[in-house]
Amino acid sequence: MPRPIIIDTDPGIDDALAIMLAAASPEVKILGIVAVAGNVGLEHTAANAASLADLLRLTCPVGRGASGPLWRRDTSSATEVHGTNGLGGYQLPTSTRPLEAGIPLCARLIETSPEPVTVVAIGPLTNIALLINQHPETARKVERFVIMGGGTLDVLGNTTPAAEFNIYYDPDAAACLFNFGVPITMVGLNATHQALVGSAHLPRLLASGGPVAKMVAHLIASYHENHQPSDESAQHDSLALAAVVDPSILTTSHLHVDVENIGRLTAGMTVVDHLGRTGKPNCDVAIDVNVTQFRELLDSRLSQLDISLTGQGG
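First residue of the sequence shown: -19, per this note's numbering; consecutive thereafter.
Note that these hints are calculated values from the structure, not bench results.
Don't take each hint at face value.
[What the hints assert, rightly or not] Each computed DSSO-like pair below joins lysine-lysine, with the alpha-carbon atoms no more than 30 Å apart:
(1) Lys260 with Lys121
(2) Lys121 with Lys9
(3) Lys194 with Lys9
[As the list claims (entries may be wrong)] Cβ-Cβ distance ranges computed for the label pairs, FRET-style:
(4) Lys260 with Thr290: 49 to 59 Å
(5) Arg37 with Gly259: 19 to 29 Å
(6) Leu133 with Ala81: 33 to 43 Å
(7) Pro96 with Asp226: 14 to 24 Å
(8) Pro6 with Arg120: 20 to 30 Å
(9) Thr290 with Arg120: 37 to 47 Å
All C-beta atoms in this analysis are idealised placements derived from N, C-alpha and C, irrespective of residue type, glycine included.
Using the sequences provided together with the hints, build the complete structure.
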């Protein structure tokens, strides 16, 4: 039976691939997509979420969540990475589907699902904190929160030396989740920096020539043009989604994690206790990645999705 999921997202180049992977994977059923501000402003992330749902022919509702952090007003979006529209300049047709209020939508989907829901949070955690604050009993019914955020070991930050973007953008929201006492899997930079994917790893997809292939080729090229000499990039968000589709892709350790939300130099840092001295373990922390398995999953699933969308699958 497919695992019901809600995707909380700020599309976002790598968010787009994650949503595509979810749409292509029979192991999961997308109950809804809720947008949050992060990589770009909410006016773009919500529009991108709706347009991606249209492209992928998803029938699930799309919600419009938080337009900024809970309290902080000194963080900014990542347009230098994702472009002004969040998709590296790739233009999807404007969606006409209605956008629901994101937090009530998330709560309703959790309450009405006959099976426990997994929330895959691949943007800043503002929506998740609002769900916890406004609907605490509903939030406790979530089977697991799988988040892309933070880092440990040798890779802590990409926005500051100590902090990864999603956590740094709203550290108060992240601290709220980690202190709430629910099952969490954290897929941080130390794992996602292993999950490098470029055009050479997606031969079947890029040969399929359909709408997914065209968009992914543009997103890869956009990232390559602006950021690094090869077209390989860390697939942060799709790795978090892959961890739900096929948990064997990750090796995790059950550890205590908290978030520094007031430090002058360390705000947004995920403090991972490898020594077992600060508290009871509250999080499954991704440590290692089967990169070959992950690349194969992306290529096989997205190429199949592209074929189905173009009607070539018979």
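Hint by hint, here is what the structure shows:
The suggested pairing of Lys260 with Lys121 holds, with an alpha-carbon distance near 21 Å, which does not exceed 30 Å. Restraint check for Lys121 and Lys9: satisfied, since their Cα atoms lie roughly 17 Å apart, inside the 30 Å limit. For the given pair, Lys194 sits about 25 Å from Lys9 by alpha-carbon distance, which is consistent with the 30 Å threshold. At about 50 Å, the CB distance of Lys260 to Thr290 agrees with the hint of 49 to 59 Å.
Distance hint check: the CB atoms of Arg37 and Gly259 are about 45 Å apart, inconsistent with the given range 19 to 29 Å. Against the hinted window of 33 to 43 Å, the Cβ-Cβ separation of Leu133 and Ala81 comes to about 39 Å, which satisfies the hint. Our hint of 14 to 24 Å for Pro96 and Asp226 holds, since their Cβ atoms are close to 19 Å apart. Taking the beta carbon of each, Pro6 and Arg120 are about 28 Å apart, inside 20 to 30 Å as hinted.
Taking 37 to 47 Å as the suggested C-beta distance range, the pair Thr290 and Arg120 conforms, at roughly 42 Å.
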